[in-house]
Amino acid sequence: MSSKTLYDKLWDSHLVRQDEAGTALIYIDRHLIHEVTSPQAFEGLRLAGRKPWRTDSILAVPDHNVPTTDRSLGIADPISRLQVETLDQNCAELGITEFLMNDPRQGIVHVIGPEQGATLPGMTVVCGDSHTSTHGAFGALAFGIGTSDVEHVLATQCLILKKSKNLEIRVDGQLAAGVSAKDVVLAIIGRIGTAGGTGSAIEFTGTTLRAMSMEGRMTVCNMAIEAGARAGMVAVDDTTINYLGGRPYAPKGELLDRAIESWRALHSDPDARFARSVTLDAGLVLPQVTWGTSPEMVSAINEVVPDPDDEADSVKRDGMRRALDYMDLKPGTAITDIHPDHVFIGSCTNARIEDLRAAAAAIRGRKVAAGIKQALVVPGSGLVKRQAETEGLDKLFKDAGFEWREPGCSMCLAMNADRLAPGDRCASTSNRNFEGRQGQGGRTHLVSPAMAAAAAVTGHFTDICQEQG
Amino acid sequence: MEKFDKHHGVVMPLDRHNVDTDAIIPKQFLKSIKRSGFGHNLFDEWRYHDHGEPGMDPGSREKNLDFVLNHPRYQDATILLGRHNFGCGSSREHAVWALMDHGFRVVIAPSFADIFFNNALKNGLLPIVLDEDDIDQLFTAVLETPGYRIRVDLPAQQISLPNRHTIHFDIDPFHKDCQIRGLDDIDLTLQHAAEIRSFEEKRRLTAPWLFNNQN
Ligand code: SF4
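From first to last, the protein sequence lines stand for chains G and F. Number 469 marks the last residue of the first sequence (the working numbering); no jumps. Number 215 marks the last residue of the second sequence (the working numbering); no jumps.
Please keep in mind that the hints were generated in silico from the structure rather than gathered at the bench. Misleading hints may appear alongside valid ones.
Below, a sample of chain F positions facing chain G; criterion: calculated Cβ distance under 10 Å [unchecked claim]:
#1 Arg16
#2 Trp46
#3 Gly55
#4 Pro58
#5 Ser60
#6 Asn64
#7 His84
#8 Arg92
#9 Asp101
#10 His102
#11 Leu190
From the three backbone atoms N, C-alpha and C, an ideal C-beta is built for every residue, glycine too.
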């Protein structure tokens, strides 16, 4: 038998059928649902008189629209409320498990799937959300889909797909103190561009990935989509297996032993071939800060904002000019001279317990700087929040001047009340710095949790490696 | 799904790389639980000077006359000409619904983000990938010629330009057939229901933990 990549193995084990042209029917094990991209799918299902194929494969949670402040009064915005109520109704009617807004397990869909053990190695995981790539950290094939495909999975438990190309991104070496998974993935995107992974499934390999925690791997896979790839994945090892033990939806006892045996095969064979491989030396990665309106517009902390005049491609040059204009930045400005006035620590990229610990550590007893109008910490789930409170992190944040909120997507996309005003400049641990993403006219700089916390207490982007060194 | 066969229409150029779905339809409009009504908010933040919220009367809003969608010569445009990585970012199908609601039937670009490409095909918005050179020439022609129209012939996989030149484009045969016949792919898949069921049963035996949803 020929050698296979991890992606090949996952693909082959879910292939129901394939026609001569390569169009395949792929079986879906886990379907995650949230309130924004599902209502039209449920409506379509109903109009066609169809029923969900397998409701026990579905886990639903409201996360995009939920308030992160006191929830006892419900959702103030009537349109947001209707959307969440529509999810509640659809799930109740069809017998789908949903963690309701006030359930202690509620949180961002990509945080709670793994946290509950609902994401397992060897699964296909889909969700009407592009950051579904996050779940690939478990050696799963996980990717985002549109609403029509949400309906398709509801109705058939399958998707019609064409196989992607295999892209390996290999990161070897040890990260400097203060450099995190977020910096690694931003550096990768800076290198290959936001379309670098288009048409590919990325497997992240190398000693740096092997040394990363599951939280770190999830951060990296989360942003595979920002590198253009629908799916990012990491092979299974002890770290994966240890993370899963005891989680509510994970198998237990004898079933777990059997599962582990099969999970051990979820890696690329030693001589498997990738269509393309890119390598990165982890030792050279410094803390990253985006300066533009696309995640590929990124610099290291010791660099300056680049000059569009140095760009040869005219469309790219115009894009850089437009981005700098939108961001109100001048070429040549030192990254450390950029002063955010908002700090957002949250999102499915960086709102897990390890992220909150890293941010808390970077505060080092200091207070939020005078120029910061708002500093938010939004845990990724109710359970992350509770864990952080057990460790006293909430107090650390609050004493420093941060607001400690209820879990949800919050200012990552500003669909609820948490948003930037025009001209606001935010150090954000989220994944997209697109125009208007965090509020119309808002300016986003993507950074790691430690970098965001350091910016909050110093008032500008700071080289935390130097500080720690 | 709307059928797509042949289409003749005015081309609107959008000369930017990485046009993301947040720009195509901003998040506040995603609160709708419907599939229609997004057209007035297509490119909302580029198209209007004021901040848009759901339910606002588009007629009372201040238009950004510099934005290409507001140029009089592109008012009837049904074909959007874009640049690299069109439709990147969020998986929101609302982006496709907004483009179609506004009247677009075709998007031509040198590359598309995977999810957007797929979403477009699911709705009968035809995404066409062309070489960079062809794209550059189309941009030049559109900018030079007011009312520039082209003919897209899906069965022949051909674009005909006013100067009688033609450009061939590729499309996967499965998608081509679905577009031309306006097929519902759920129906197509359900024709294989027995195969899906037998796959599922086998999987239940080999990986029972995937079917054990107890917590
Ligand atoms: S946190 Fe942000 S990126 Fe993640 S699912 Fe929510 S809105 Fe999407």
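Hints, one by one, checked against the model:
Hint on arginine 16 of chain F holds. Least Cβ distance to chain G is approximately 6 Å, under the 10 Å limit. About 8 Å separates the beta-carbon of tryptophan 46 of chain F from the nearest beta-carbon of chain G, less than 10 Å, and the hint is met. Interface hint status for glycine 55 of chain F: upheld, as the beta-carbon distance to the closest one in chain G is roughly 8 Å, under 10 Å. Taken as an interface hint, proline 58 of chain F does not check out: its beta carbon lies about 16 Å from the nearest beta carbon of chain G, beyond 10 Å.
Because the beta carbon of serine 60 of chain F sits about 18 Å from the nearest beta carbon in chain G, more than 10 Å, this interface hint is broken. Interface hint status for asparagine 64 of chain F: violated, as the beta-carbon distance to the closest one in chain G is roughly 13 Å, over 10 Å. Because the smallest distance between the Cβ of histidine 84 of chain F and any Cβ of chain G comes to about 6 Å, under 10 Å, the interface hint for this residue holds. Given hint, arginine 92 of chain F at the interface with chain G, holds; its Cβ is 7 Å from that chain's nearest Cβ, closer than 10 Å.
With its C-beta approaching chain G no nearer than about 13 Å, aspartate 101 of chain F sits outside the 10 Å limit, and its interface hint is violated. Hint status for histidine 102 of chain F: violated, given a least beta-carbon distance of 18 Å to chain G, over 10 Å. Of the supplied interface hints, the one on leucine 190 of chain F holds, with its beta-carbon coming within about 6 Å of a beta-carbon of chain G, less than 10 Å.
Consistency note: the structure conflicts with the earlier hints numbered 4, 5, 6, 9, 10.
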